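Produce the entire structure from the sequences given, and follow the hints as far as they go.
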Amino acid sequence: MSKSRVSRRQFLNYTLMGVGGFMASGMLMPMIRFAVDPVLEAGAAGDFIPTSQKVSELTDEPVRVDFTYDQVDGWYESEVTGTAWVYKEGDKVVALSPVCKHLGCTVNWASDKDHPHQFYCPCHGGRYEKNGKNVPGTPPTGPLDEFDTQEQDGLLYIGAAKPNTLV
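Numbering-wise, full-length UniProt numbering puts 19 at position 19 of the sequence shown, and it's gapless, one number per residue.
No lab work stands behind these hints, which were simulated from the structure alone.
Errors might be hidden in some of the hints.
Claimed, not checked - Simulated crosslink set (BS3-like; lysine-lysine; CA at most 30 angstroms straight-line):
#	residue 1	residue 2
1	K54	K88
2	K113	K88
3	K162	K54
4	K54	K3
5	K88	K130
6	K130	K54
7	K92	K130
8	K113	K133
9	K54	K133
10	K88	K162
Remember, it's a predicted structure, so these values are computed and weren't measured experimentally.
Dropping the structure here:
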């Protein structure tokens, strides 16, 4: 046993500090878990999203293909609809993002009467060639992004967007 005795004041101080620390940790642990838990969850990166587009129906003319996927933002889960411009180049299926590299507007195929075989951004007159390359002298700063594609059971599956490899 120790020769120094604990005074009442020290005893109360130690007791209240211990109880206060226990209560603080009880309040902080759920908050810390709430903040860290989504980071520790395994993601579904690299998954392909099914579309209703049959690969056999694709031609060399780009068509708009819509697809839906679940998106999780922290603790909020929502259903998001994405779009791709898809066409065949030989045996290869090409899927391009419709998001303009200038200011993020949506590009459309053959919507400009003066340039019927190009993607056109109506916001600021941006143009892209069929392979997604930006036309020099127009506002876009780079080519359209490209989606990974896959065929399963005759249907088109869209993967993650990546920098364009066609240009």
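TODO: If any of the earlier hints don't hold here, list their numbers in rising order.
DONE: 4
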